[in-house]
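Colleague: Each chain, written out:
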Amino acid sequence: MSTTDDIEEAVATAFREEWGQVVATLIRVTGDWDLAEECAQDAFAQALERWRRDGVPRRPGAWLTTTARNRALDVLRREAVGAQKLREAAVSARDEGPYDPDHEGDDSGVPDDRLRLIFTCCHPALPIEARVALTLRTLAGLTTPEIARAFLVPEATMAQRLVRAKRKIRNAGIPYRVPPAHLLPERMTGVLGVLYLLFNEGYAASTGADLMRDGLCAEAIRLARLLARLMPDEPEAVGLLALALLHDARRDTRVDTAGDLVTLEDQDRTRWDRAEIDEGVALLAGALRRGRPGPYQIQAAIAACHTTAARAADTDWADIAGLYGELQRYVPSAVVRLNRAVAVGMAEGGEAGLALVEELERHDELSGYHLLPATRADLLRRMGRTREAATAYERALELVENDAERRFLEKRLAQCRAA
Amino acid sequence: MKYVLFICTPVGGEELSPAEIAVDPRFASYIHEVRTRDVVKGGARLRPAADATTVRVQGDEVLLSDGPFAETKEYIAGLDIIEVADLDEAIALASRHPAALAGGTVEVRPVWE
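Those sequence lines, one after another, are chains X and E.
So the first sequence is residues 1 to 419, counted in the UniProt record's numbering.
So the second sequence is residues 1 to 113, counted in the UniProt record's numbering.
Honestly, the hints are just simulated from the structure, not real lab data.
Here a beta-carbon is modelled for each residue, glycine too, at the ideal position from N, C-alpha and C.
Treat the hints with caution; some may be incorrect.
Here are the simulated DSS-like pairs of lysine-lysine, each with C-alpha atoms no more than 27 Å apart in a straight line [claimed, not checked]:
hint, chain 1, residue 1, chain 2, residue 2
1, X, K166, E, K73
2, E, K2, E, K41
3, X, K168, E, K2
Taking beta-carbon pairs under 7 Å as the criterion, some of the chain E residues facing chain X (in silico) [said to hold, decoys possible]:
hint, residue
4, E83
5, L87
6, P110
7, V111
8, E113
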């Protein structure tokens with residue numbers, strides 16, 4: 001006999017693992033995003049009641065999908081909307097057969113509905129904020145208020161955003177499918193971009209400031225894991241997962257108890273998450289073996305260089321500088337060049353790094369970006385040119401906006417002035 | 001699904017007549033594609049925005065103004081009504097339109113059916 005807590009726990013677990021699948025299948029079957037969400041919600045509510053009475057089914061996901069689908073058929077029948085829609089849904093239900101707990105076949109060869117869902121949510125015809133919100137709502141099962149809090153916008157705004165996105169999908173005829181081969185590379189980049197943005201939103205939030213924002217990292221990792229599992233032949237999908245894990249491993253050490261920034265160099269490496277690092281490194285190695293590198297694999301390789309160095313002094317900066325050079329070929333941005341300048345400065349000495357920083361300054365790139373003078377300052381500080389470093393820190397302080405970063409720069413400035 | 005492609009070109013850009021478009025080599029592959037696939041269900045090449053008259057009604061009064069409804073850097077030079085499976089197909093076709101290739105823009109709008 002299961003206790004109440006066991007059942008609630010089982011439903012909560014099923015929700016985390018199966019929500020996306022249930023919604024994705026229901027969208028395919030009914031073609032109606034709102035109905036799909038309603039029926040999925042209803043199925044989870046029923047699960048709480050029925051599982052308590054009958055026990056947890058062997059395949060909770062299949063039970064939930066079947067329950068949600070039956071509910072959708074009921075609703076469609078009752079409303080008698082679109083006889084055509086009902087016919088399609090009934091045919092599709094028949095094709096897949098009734099729910100049979102002992103013969104839930106594996107879905108090999110059948111495109112996973114969640115892939116259709118993720119590619120549709122991340123369709124480039126939708127505004128980027130809508131792609132992110134829709135992915136979190138339909139695939140990850142976050143509620144509208146939760147998503148609103150995570151992105152610091154009013155709930156009504158977020159609700160409106162979701163309504164508009166779903167309306168556009170329907171009215172503009174955005175197809176519910178995994179894109180054909182000729183569109184796949186481009187669309188894949190879009191999906192990865194959404195997941196990466198999601199991760200960064202969570203990662204950029206300072207620890208403890210808002211747990212909901214922190215939770216975005218976990219959601220992004222879960223979604224990246226799903227994508228990597230569903231598309232194992234896409235090394236960039238695996239690369240993104242590796243990158244997220246390798247960053248996430250250091251998450252708790254980036255800020256101290258007072259909320260101040262701790263640089264990579266000064267982080268307590270014994271507190272890095274070993275399991276995440278090992279998994280990230282193994283995933284990356286597997287992806288790289290496929291011989292199709294890309295920006296996510298390269299960034300993961302850079303993160304791996306950092307997280308696998310036992311001490312900061314052991315960091316292979318030459319390797320990192322090379323990887324940034326490689327990354328520039330895919331992402332020709334000034335920020336990547338600035339990062340390369342840091343790595344070159346560490347590998348070959350401050351002068352070499354400064355030369356690259358000056359090149360960026362000469363071309364007036366990144367003007368207004370506080371990390372440009374902050375990088376100059378750090379290179380000078382390491383070279384013992386503290387007076388010049390102080391001037392550069394002052395410049396960086398004029399530009400910085402984030403409080404934790406401001407306190408960090410002020411501390412460095414004080415050190416340079418005292419030297 | 002039916003879509004309208006609004007072909008937008010920069011103000012002051014080329015103003016080819018329908019006859020010129022028909023023989024312009026830059027349009028050849030697009031025209032060939034839409035003919036062989038039979039996706040275009042209608043359309044029009046429009047005279048330049050300078051020839052537009054905008055009509056508004058305020059109460060009983062009909063207000064006319066010279067020019068398009070909004071002054072923009074681009075104007076609608078023409079439109080194609082197409083019938084394709086979904087937005088991806090409409091985007092693919094729009095992205096091969098000579099106006100889009102020449103730096104103009106194509107707005108894809110689903111027809112309200």
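Colleague: Each hint needs a verdict: does it hold in this structure or not?
Modeller: Hint check results:
no.	hint	verdict
1	K166(X) - K73(E)	violated (31 Å)
2	K2(E) - K41(E)	holds (9 Å)
3	K168(X) - K2(E)	holds (15 Å)
4	E83	violated (11 Å)
5	L87	holds (5 Å)
6	P110	holds (5 Å)
7	V111	violated (10 Å)
8	E113	violated (10 Å)
In terms of the numbered hints stated before, the structure departs from hints 1, 4, 7, 8, listed from lowest to highest.
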